[in-house]
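Below are the chains, spelled out letter by letter.
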Amino acid sequence: MRLMHEAGFSVMRVTEPAWLRWELEDGQFTLDWLQPVLDAALAQGMGTVLSLPTPEPPPWLARKHPEIAARRQHGESWGRVSQPVTDVTNQGFRFHAERMIRQVVGRYRDHRGVIGFQVDNLSGAEIFRSPGIFEAFVESLRQTYTDVDSINKEWGLVSWGRPLSTWNDLWAPDTNTVPQYDMAWKRFQSGVISDFVSWQSKIIRETARPDQFITTCVQYADAAGDDPGVARQVDITSGTVMFDIRDGLFFPESGTPRSEGVHAGPWGMTLAADRAYSSRQEPFLLTQTASPTADPIMNAPCFDGQWRQLAWAMISRGARMVEFRNWHALTWDPESYWTSVLPHDKLPGRVFEQLSVVGEELRSLGSAVSGLIPDAQIGLLWSNPSSWALDFQSGPRRTGEESLSREGVYDQIVGSFYRGAFEMGVSVRILHDRQICEGGADLVAPTETVKTLPVLVVAGLYVADDHLIDWLRRYVEAGGHLVVGPRSAVTDPQVRVRSKAKPAGLTDLLCASYQEMASLEAPVTVESCAPGFPVLPGAQGTVWLEGLYAEPEAQVLATYIHPHFGRYATVVTHRVGHGRATVIGTVPDPNLARALVQWLVPPTDPWRSLVSGPVTITSATLGDGRKLRVVYNWSWIPVVIQLPQPARDVTLPDSLLPSGYEVALNPWDVRAFVQ
Amino acid sequence: MRLMHEAGFSVMRVTEPAWLRWELEDGQFTLDWLQPVLDAALAQGMGTVLSLPTPEPPPWLARKHPEIAARRQHGESWGRVSQPVTDVTNQGFRFHAERMIRQVVGRYRDHRGVIGFQVDNLSGAEIFRSPGIFEAFVESLRQTYTDVDSINKEWGLVSWGRPLSTWNDLWAPDTNTVPQYDMAWKRFQSGVISDFVSWQSKIIRETARPDQFITTCVQYADAAGDDPGVARQVDITSGTVMFDIRDGLFFPESGTPRSEGVHAGPWGMTLAADRAYSSRQEPFLLTQTASPTADPIMNAPCFDGQWRQLAWAMISRGARMVEFRNWHALTWDPESYWTSVLPHDKLPGRVFEQLSVVGEELRSLGSAVSGLIPDAQIGLLWSNPSSWALDFQSGPRRTGEESLSREGVYDQIVGSFYRGAFEMGVSVRILHDRQICEGGADLVAPTETVKTLPVLVVAGLYVADDHLIDWLRRYVEAGGHLVVGPRSAVTDPQVRVRSKAKPAGLTDLLCASYQEMASLEAPVTVESCAPGFPVLPGAQGTVWLEGLYAEPEAQVLATYIHPHFGRYATVVTHRVGHGRATVIGTVPDPNLARALVQWLVPPTDPWRSLVSGPVTITSATLGDGRKLRVVYNWSWIPVVIQLPQPARDVTLPDSLLPSGYEVALNPWDVRAFVQ
Amino acid sequence: MRLMHEAGFSVMRVTEPAWLRWELEDGQFTLDWLQPVLDAALAQGMGTVLSLPTPEPPPWLARKHPEIAARRQHGESWGRVSQPVTDVTNQGFRFHAERMIRQVVGRYRDHRGVIGFQVDNLSGAEIFRSPGIFEAFVESLRQTYTDVDSINKEWGLVSWGRPLSTWNDLWAPDTNTVPQYDMAWKRFQSGVISDFVSWQSKIIRETARPDQFITTCVQYADAAGDDPGVARQVDITSGTVMFDIRDGLFFPESGTPRSEGVHAGPWGMTLAADRAYSSRQEPFLLTQTASPTADPIMNAPCFDGQWRQLAWAMISRGARMVEFRNWHALTWDPESYWTSVLPHDKLPGRVFEQLSVVGEELRSLGSAVSGLIPDAQIGLLWSNPSSWALDFQSGPRRTGEESLSREGVYDQIVGSFYRGAFEMGVSVRILHDRQICEGGADLVAPTETVKTLPVLVVAGLYVADDHLIDWLRRYVEAGGHLVVGPRSAVTDPQVRVRSKAKPAGLTDLLCASYQEMASLEAPVTVESCAPGFPVLPGAQGTVWLEGLYAEPEAQVLATYIHPHFGRYATVVTHRVGHGRATVIGTVPDPNLARALVQWLVPPTDPWRSLVSGPVTITSATLGDGRKLRVVYNWSWIPVVIQLPQPARDVTLPDSLLPSGYEVALNPWDVRAFVQ
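Line by line, the protein sequences are chains W, F and D. Each residue of the first sequence is one higher than the one before, counting from 1111 in the numbering used here. Each residue of the second sequence is one higher than the one before, counting from 1111 in the numbering used here. Each residue of the third sequence is one higher than the one before, counting from 1111 in the numbering used here.
In isolation and in its complexed conformation, chain W is listed as follows (with noise of 0.2 Å):
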């Protein structure tokens, strides 16, 4: 406890996986042992997170009560040891969970050691399969539908010769190749974890103190379902979060947009942030992160600095808390080869000296971290349904190998607008669709969305409402910026393709539309063919093309250079009134991306021109209103930058650094300035 004090920690977080240490014979409970832990942290200062051990139930529940199983996949057995999966919809798990997550918060509850509780842990990583949860899935679609004949007529059953007769005829979603089954299906599995996560903060809100919150760890490169609908549940988001790094946050990075699970590279480690902080549009904290793996073999601790730039990147996009997990490497577990604090002989290391300065740093900032905000110069709407969608019609349905990977289509489209917004210096606020408008109503008014986020970028919203489109609309009349990307307004919300002319709904803003849309087995090169729009050579259109066409009144930016698609436009804009409408038919490279982006956002800021070679910058308006601006070098060379404007260094705020003055950047080096 005096060396987690002395590297600077103030929050531990505790017991996750400890159900049969409070519970060891079935109500019988040992709730005492933890009192000390609690003491020891109070009297260093540091606060605790209670986990309730919901995802790791006791081995005597799985034995007394097998019904309670869900199983990943067909014939798989509840007996494993690594995180086995619960049917959190069971009346009888749900009674026993009670009954723990009552006795230890009651147990704790006047503790003041304790900040919080945390429910579940990374809600919704996985589909649920169990009898049970297939029945509550047919019996959710009977509710919704009534009967048969409507749910034959809006899945188009008709169309493979499978139309149900009776509920009966329902197949398992093992095999189901039908894209409305699957959305059903998602939406189903959302609504499940969604519902478990709000019954057990219901439970503790009866229990616990009012100043203590409640929170959840949601997975955000795994799944996490429909993430805004589980954090609603909950007082502040909790992210897990992983990176390739070391050699992974070189800065320009080559590589693919993201490895399965892992983001890559600088924009990816923001994006994750971005993401986090848009489950409830407020700050969150982060559990665990710059740990890639728990592969034994694949042990990579960071690079020096590379610490200290994951915290200053998390905290300038708006986390609260930075987690590092575990203190000391596990000697026996399928994870002891986790990256921890400490290292197997406990005694402090380079990872300690690391996290220390981070500590110190921090520190520094004071209590204006707590109203920080981060900035943005542009909204990217972000639609989990559409992930869904895409990712169904991608993934491999014919071998029950179903998940909720966001991995997949989608994110390489979202991803690489998001990149190209990185690259150029320039912020991005997440917005979910079902922030904007739910159930035929405006969450939030469009011409207030435009004050704020005068730029608007839709990509990928395969799976909108009609009301979506309309918001988007009124977004334009307002004065706003709106770019459809590739994938965007095609189908309604039951995944049917819409039988306009696409993107479905905005054609006659957009003066421009498609028919035929093509994948692109080798990426297309494009032009640009207006001075304004700044495409260098070499950029390309990638993976899908649609063959847009534009009608006179708007004007085509970029086209293609080759023999077929030549004909089309790839880059298409039309003033409307005050707003504009902008069209890509393409996944673009990071230089059509770059040159996009541009266009935008025109560099009025002049931090902006610090982006050069390895160097990025966050930034971020403080709780007392000045301003907190992060440059980063992410690379072996260092650099030096000099001050666009007069700032102040966060470790030395008395002196006012002026304009032009140079700082060194060492190697992996990040420094913060407010202003």
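The hints are simulated quantities; they were obtained by calculation from the structure and are not laboratory data. Incorrect hints may appear among the rest.
When chains are identical, the list treats them as one kind, so a pair holds in a single copy or across two.
EDC-like cross-link-like pairs, simulated, lysine to aspartate or glutamate; straight-line CA separation at most 16 Å [claimed, not checked]:
hint	residue 1	residue 2
1	K1610	D1575
2	K1174	D1279
3	K1456	E1116
4	K1456	E1626
5	K1610	D1455
6	K1610	D1576
7	K1737	D1485
8	K1610	E1626
Position chains F and D relative to chain W; hints supplied.
Chains F and D in isolation, oriented as in the chain W frame:
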């Protein structure tokens, strides 16, 4: 309907997945709904092929009779949407299928628009498994072998210590590793398919008008069991063939011979047509094509011109009808991105326009198309049993992922010779082993075959009975030129490797034989050692090498350049009376295959001189005795050809173009001439 | 038989899969049929090894006693042909096996030709699963740990919230992710195999003649559980080893250290022999080799000369017998393309001729071969438990595809050092951890080991008990040079990472230690920092890097050139009395490994000067005290060597060749000399 007519369509194919629309509840038939559709088609002069929806049984049948289900693999259930598999041997299923067929055919037999019926779909694309089918298989073995001792001897089961004591000892096919067992299993499966198609045909024949044809759709790229066996049961073959289009049609192509399930390059396109022709040695119907995949993220409409090329290639190689599927893109469906005539918005676009031109051009040929016979300079023997046996050798036999897929080593061997012919402008007639002789009796006399096909290539004929080998000997004696490729004449029909020197039974004719064979990790360079054998530098043997030694009487045409393999001959030829026997001990690369074809068929046909760069040709004899010559440009570069003989452009039948007349071929252009 | 004799064969091995031929029906034995075969062999002077066919139980046994079946994986049935898996712990199976063994051995024990018996085959190549085996495993745990509390503590089950309340809570091995569980499971499995081999040996020993040996065939490339444990149960080891032949034997080779299940390059060949020798630290029999695969489409007979190279390599590294399998290629069979002495036509060909030369050459060595001991300049410690633990870390633990395969990270680590020695002409003796000490007691005194092996390399010794570490310390104290490679001395026998600085228990001897480790995505360049340590440019550390810090008393021999890893030492050495302790913190590439070996064993042996280009050497001491020197040319290029010392060519024993005598080595040639 009006648009269809406008685009030149003369036939539509309907109701493939409509069982439930015919019979919503068990025994309650609703049959009238199709009448107005057929009437409207007829009003536009279009006929209709009525598909009997046996491949898509209604859900209530699955629910009431689970014993009807077959399985693709262990543990799979019937409850999937996309083409469930039925145990077509099940008598309960046949009862329901027969009742439905009689109702539908009876209702519409008298409709003037109904020109024919399709039974089953993609017959033999899959291996059926179910307890009932396995028991039927064992029963068929009992009838063939009487007692287990016979099967132990015939299958050589003693060598692995696994002889049967009772029929109950027979293991399931899923984990079988015995080639003899696998051959019996594949033969049984193809028999099941033929029997099912035959059974349906008889029922329809009892009811249908004499002028209505019966067909069934064979998926050549996938499997199809034994296509000549299935095709015997119907009046005309229908085929579904897939190509790699767009850039995949470039010629000269570079890539691999074929990608999985999809034929690559123009030669793969005509090979598919020639295979369909071969099933009955008659013209065929083409049910769907040019859409390489139903994968919604692999959408690929043709470049301008490619649909015309496809249609002309198919017609000139024997297609009586070229269908496109679907009429309009479906809005809900796993296959909603299948490239259709109309896009999702149902407005005629580029695909419609392109196909309209095709329709108009084809009409210009008139009725002469009816008696069209595609040209052939050489014969190529095809052996489905050899394909099964070679693919079983290379397949993942341990995992139960058995399939009848042909896209394996057999296709690679046979395809290498076909491609060589195509690239030299030489037409190929595919003959099936079972069309030559069967059950120890000739079906065609070798003296007859020699007259039309003076050269016969036999490659990959791994499985051959004594009579077939004798037939090949008599073909040489009759003056034919027999070309024996690698892996031929190796085993008897029980897939037992023959103990004689190889190619077994042909070594005396060839005056060459081999004892050793070697798989090749890297290709081996080949050089000519005879002035008349025009091997280009860089020619190579690939994949497999048989260590041929030639006897002094034979002439060695080519050898390997390699420190070890250099001792062996590559190509050996030997004159036998008026005939000739030639052997090639490796899978030729395109350079070697072209040299072989050039030597086999000297270019007496002046039209072969057009084959150069991206230009290739196909040809046929029309019903009125005239010659059809089709010339293609498989590239973006316009080319000009000179007619080698006087001919008429089919779209300008009135003017005879002189020899030497220059014809410009645009990118992806095709021109058809008659002589 | 005559041909066998002609080719120089002196032993044949029969009846491996013949149980059913012995016992066609339950209890009805037919034993006489083998007599004429044995007689005929004896008449040609050939002895016979009789294999007891326990690995291939007859189908009637499977049918009558399904409880005897073991399973390879979930859901698999017993009914497959290729080597079904038996639950060898099942008492019913043992009853039948014992009855058959007693009948067969009793019938033929008195035949003069029978020189020995083989029990089991490829022991331990697979993990057995079945309810019975799992229960036996749980029972063995109960005996070891008495109560679940002990196992919870020992295995650290509390850390993932999965401690056991009762023995019934133990999960199945298929989905296990706990290293402690896996080690217990692998130890149990290897115990099952040893026990089964021991049980068979005892039965045979009761009946067989005293001069008949008992052996069992170990598949080193695959798994083999615990080969020294199994080999203890028999009189002599038999091994089956697979190589990548043909181009795969080029030297200097470039490719990866090893491909799956197949040893690559000449060093892989001698490593396989040295492993077989190590099982009993005695000469061994080689049952099959040089056929890289049974795959019918991967047929690859050796180039001329390679069989001779293989035979001499094996003999000079301790093989008492080199067998080839099969005598003739089988005509029906999944393995009908296994390269055999005679091809399918049974006429002697190239393979026969090549092997005949081998037989003649070996005869020239005479009886001196009997007492042959392969040379060894350095020892290499082998640890099967470490191999299990490291491979479990990297394995696909989530899918249940568990295997005992050794072709993983352990082989990569240990192989890198072995290869370095081979490439410097230095011979290696492999010692097993359990041959050094066991159960806390020395099996050999370190003072003895130092005398024959003054250098001992310990790499990948991940699992080590305190006594073994103490033994290593005493080896240094006794004057030995201990070389500690990466991933050594990390865990205790329960695979719990030790809490001490690493390499645990050796840091004081080494005067070096590390806290951090890192997997390497790309190799890191290494440079020498000591004049006597001859690192060539381009030397690299690969795969894994331990962050070594040296104390001032130690000497750093090499360091990394890298902005981050440059702070660490690569190789550190420290004199300890008369001994020396050296540590290397990475998996060396060949350049680094060669430098290390050059430094460890200075080239006092003049024959090492021959190792250059494609030439390598092996050597041994013959039974009569003379030295056997074998020189190889692993290429197509003829080379000339000069004898470094006077020696006699084994095929011309009468003339002593002088030092400097020029010997021409043809392509793929091998020459053997005695001194």
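Here is how each hint holds up against the structure:
1. In the homo-oligomer, the alpha carbons of K1610 and D1575 lie at most 16 Å apart inside one protomer (14 Å), although the nearest pairing across protomers, at 61 Å, exceeds that limit.
2. Taking the shortest Cα distances, K1174 and D1279 sit within 16 Å of each other only across copies (10 Å), while inside one copy they are farther apart (32 Å).
3. Proximity of K1456 and E1116 under a CA criterion of 16 Å is satisfied intra-copy only: 15 Å inside one chain copy versus 69 Å between copies.
4. In this assembly of identical chains, the alpha carbons of K1456 and E1626 lie at most 16 Å apart only when taken from different copies (12 Å versus 61 Å within one copy).
5. For a Cα distance limit of 16 Å, the shortest separation of K1610 from D1455 across copies, 5 Å, qualifies, whereas the shortest one inside one copy, 65 Å, does not.
6. In the homo-oligomer, the alpha carbons of K1610 and D1576 lie at most 16 Å apart inside one protomer (12 Å), although the nearest pairing across protomers, at 64 Å, exceeds that limit.
7. Within a single copy, K1737 and D1485 get their C-alpha atoms as close as 9 Å, which meets the 16 Å cut-off; across copies the closest is 74 Å, which misses it.
8. In this homomeric assembly, K1610 and E1626 come within 16 Å of each other (Cα to Cα) only inside a single copy, at 12 Å, whereas the closest approach across copies is 60 Å.
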